[in-house]
Amino acid sequence: DGGITQSPKYLFRKEGQNVTLSCEQNLNHDAMYWYRQDPGQGLRLIYYSQIVNDFQKGDIAEGYSVSREKKESFPLTVTSAQKNPTAFYLCASSMWGELFFGEGSRLTVL
Amino acid sequence: DQQVKQNSPSLSVQEGRISILNCDYTNSMFDYFLWYKKYPAEGPTFLISISSIKDKNEDGRFTVFLNKSAKHLSLHIVPSQPGDSAVYFCAASQAGTALIFGKGTTLSVSS
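Protein chains in written order, with this note's numbering: chain A, 277 to 386; chain B, 1040 to 1150.
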């Protein structure tokens, strides 16, 4: 089945720890994105990548890092510098405009 | 500064009636607009889109209207069904850039 797979679905982290969220797609899409959803905030763009080995900061990139070594993969690292990391994280990919989303990963910092 | 605004956080409609969800934008360079539907703890799913060269696009019970002069678009759902209850996000982009999303409107359809 073609689609976007995010893992883990649920993740707990202690303060001060980095954590990496996985995002894999087999849709052969060039562009991939990371959004964060908070109650009442909608979806806010963290990072996006339009091609392998290239990525750009979104509106709320501080405290996050990404890599795009393969077309299929766009992992997001939530670093200890991110002041409020507890949120629902959504990965997406696209070829022409329309985004296809994964199921999301819920990160809770204890 | 929000470029895409959904000013109604919530909307309640009776089953069988029309649901109208509204969205305003500020960037006149946006040329592609989309609506997504989202259930709790799931990723958003694409509903319908419209490009700036059109003023209406219809897909079954869903119709999107675009008023470029007013920088306004709306999603009409007719007839509304209980399964339509979800959060609806409006999104916009200009060529080559990432989608910008509104904050969402929670639609509740009662039977």
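It is possible that part of the hints are untrue.
Stated by the list, open to error - Once the Cα atoms are required to be at most 30 Å apart in a straight line, the calculated DSBU-like pairs of lysine-lysine come out as:
(1) Lys1077/B with Lys290/A
(2) Lys285/A with Lys1107/B
(3) Lys359/A with Lys290/A
(4) Lys359/A with Lys1110/B
(5) Lys285/A with Lys347/A
(6) Lys1076/B with Lys285/A
(7) Lys1095/B with Lys1110/B
(8) Lys1077/B with Lys285/A
(9) Lys1044/B with Lys359/A
(10) Lys1110/B with Lys333/A
(11) Lys1095/B with Lys333/A
(12) Lys346/A with Lys285/A
(13) Lys1107/B with Lys1044/B
(14) Lys1076/B with Lys1093/B
(15) Lys1077/B with Lys333/A
(16) Lys347/A with Lys1076/B
(17) Lys1044/B with Lys1095/B
(18) Lys333/A with Lys1107/B
(19) Lys359/A with Lys1076/B
(20) Lys1077/B with Lys346/A
(21) Lys347/A with Lys1110/B
Claimed, not checked - Stretches of chain B that chain A covers, calculated by requiring three or more beta carbons in the stretch to come under 8 Å of a beta carbon on chain A:
(22) 1093-1099
(23) 1102-1114
Hints listed in this document are in silico derivations from the structure and should not be mistaken for laboratory results. In this text, a Cβ means the ideal position worked out from N, Cα and C, and glycines have one as well.
To see whether the hints hold, each was checked on the structure:
1. Lys1077/B with Lys290/A: The hint holds at about 29 Å.
2. Lys285/A with Lys1107/B: Judged against 30 Å, a Cα distance of about 39 Å means the pair is violated.
3. Lys359/A with Lys290/A: The given pair, whose Cα atoms are some 13 Å apart, holds under the 30 Å limit.
4. Lys359/A with Lys1110/B: Distance of about 35 Å is beyond 30 Å: violated.
5. Lys285/A with Lys347/A: Judged against 30 Å, a Cα distance of about 22 Å means the pair holds.
6. Lys1076/B with Lys285/A: It holds: about 20 Å lies between the C-alpha atoms, which stays within 30 Å.
7. Lys1095/B with Lys1110/B: Judged against 30 Å, a Cα distance of about 14 Å means the pair holds.
8. Lys1077/B with Lys285/A: holds (16 Å)
9. Lys1044/B with Lys359/A: Between lysine 1044/B and lysine 359/A the Cα gap is close to 26 Å, so the pair holds against 30 Å.
10. Lys1110/B with Lys333/A: holds (26 Å)
11. Lys1095/B with Lys333/A: Cα-Cα ~33 Å, so violated.
12. Lys346/A with Lys285/A: Holds. Lysine 346/A to lysine 285/A sits at ~22 Å (cutoff 30 Å).
13. Lys1107/B with Lys1044/B: holds (15 Å)
14. Lys1076/B with Lys1093/B: holds (22 Å)
15. Lys1077/B with Lys333/A: It holds: about 25 Å lies between the C-alpha atoms, which stays within 30 Å.
16. Lys347/A with Lys1076/B: Holds, at about 27 Å.
17. Lys1044/B with Lys1095/B: holds (20 Å)
18. Lys333/A with Lys1107/B: Given that 30 Å is the threshold and the Cα spacing comes to 29 Å, the pair holds.
19. Lys359/A with Lys1076/B: holds (29 Å)
20. Lys1077/B with Lys346/A: holds (28 Å)
21. Lys347/A with Lys1110/B: violated (35 Å)
22. 1093-1099: violated (count 0)
23. 1102-1114: Coverage by chain A is violated for the region 1102-1114 of chain B (0 residues, Cβ < 8 Å).
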